[in-house]
Amino acid sequence: DAGVIQSPRHEVTEMGQEVTLRCKPISGHNSLFWYRQTMMRGLELLIYFNNNVPIDDSGMPEDRFSAKMPNASFSTLKIQPSEPRDSAVYFCASSQGLPNTEAFFGQGTRLTVV
Amino acid sequence: AQSVSQHNHHVILSEAASLELGCNYSYGGTVNLFWYVQYPGQHLQLLLKYFSGDPLVKGIKGFEAEFIKSKFSFNLRKPSVQWSDTAEYFCAVNFGGATNKLIFGTGTLLAVQP
Numbered sequence: 013d014a015g016v017i018q019s020p021r022h023e024v025t026e027m028g029q030e031v032t033l034r035c036k037p038i039s040g041h042n043s044l045f046w047y048r049q050t051m052m053r054g055l056e057l058l059i060y061f062n063n064n065v066p067i068d069d070s071g072m073p074e075d076r077f078s079a080k081m082p083n084a085s086f087s088t089l090k091i092q093p094s095e096p097r098d099s100a101v102y103f104c105a106s107s108q109g110l111p112n113t114e115a116f117f118g119q120g121t122r123l124t125v126v
Numbered sequence: 718a719q720s721v722s723q724h725n726h727h728v729i730l731s732e733a734a735s736l737e738l739g740c741n742y743s744y745g746g747t748v749n750l751f752w753y754v755q756y757p758g759q760h761l762q763l764l765l766k767y768f769s770g771d772p773l774v775k776g777i778k779g780f781e782a783e784f785i786k787s788k789f790s791f792n793l794r795k796p797s798v799q800w801s802d803t804a805e806y807f808c809a810v811n812f813g814g815a816t817n818k819l820i821f822g823t824g825t826l827l828a829v830q831p
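Protein chains in written order, with the working numbering: chain E, 13 to 126; chain V, 718 to 831.
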């Protein structure tokens with residue numbers, strides 16, 4: 013398996029623009045997590061899905077952020093409108109959905125909002 | 718509230734020194750515990766995990782961790798560090814139950830000096 017695949021790897025956008033980050037989890041995994049990593053706040057859980065259903069989105073910073081998982085092999089994280097403080101590395105991870113399984117991480121998307 | 722604490726934010730060691738990184742969590746129920754490592758510019762990779770059984774678990778690259786339930790702790794250890802261990806280390810806890818939520822600590826940045 014190719015692992016968790018995220019795209020793009022790098023994104024530079026202007027403030028106010030819409031940004032869409034994409035994630036393809038490992039085949040057969042039914043839990044998917046979106047994390048944001050910054051120097052100040054470390055690794056924050058934004059939202060996670062079980063069987064394509066959002067279970068907990070309490071980490072989503074505000075209404076400008078939204079996430080979808082239309083099927084088992086694809087998820088998006090959208091920021092609209094983007095702001096400079098959204099600049100961070102966004103990681104997607106997937107697992108087999110049981111408590112006693114590990115999460116596998118993608119390479120991350122480094123987002124810079126100018 | 719469920720939380721994970723890593724008390725050491727930055728650690729600097731010389732090669733061959735011993736390492737111990739602290740991790741505590743706040744939750745009285747059954748948990749699953751992980752340590753992940755992030756090398757510079759890379760994504761998170763699993764070092765080791767504990768689900769049940771022997772509370773002393775061994776991982777890759779000579780790392781081990783001990784689960785002490787009474788102290789809600791899962792400290793990471795390595796008897797002799799190498800320059801190549803320079804990385805950021807994250808403790809993570811899956812609080813299980815119906816939510817399967819995976820929460821990370823804030824990370825410890827380890828710098829090993831040759």
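Worth flagging that the hints you see were computed from the coordinates, not collected in a lab.
Warning: the hint list may mix true and false statements.
What the hints assert, rightly or not - Straight-line Cα separation of at most 25 Å, DSS-like style, residue types lysine-lysine; simulated pairs: (1) 36(E) with 818(V); (2) 786(V) with 818(V); (3) 80(E) with 90(E); (4) 80(E) with 818(V); (5) 90(E) with 818(V); (6) 786(V) with 766(V); (7) 775(V) with 788(V); (8) 90(E) with 36(E); (9) 766(V) with 818(V).
Stated by the list, open to error - Distance ranges between label pairs, derived from CB positions: (10) 747(V) with 70(E): 19 to 29 Å; (11) 735(V) with 83(E): 45 to 55 Å; (12) 90(E) with 759(V): 20 to 30 Å.
Unchecked claim - Under 10 Å between C-beta atoms, here's a sample of chain V residues computed to sit facing chain E: (13) 753; (14) 763; (15) 778; (16) 801; (17) 803; (18) 807; (19) 824.
Idealized CB from N, CA, C, for every residue including glycine.
* **Hints violated by the structure (numbers, ascending)** => 15, 16, 17
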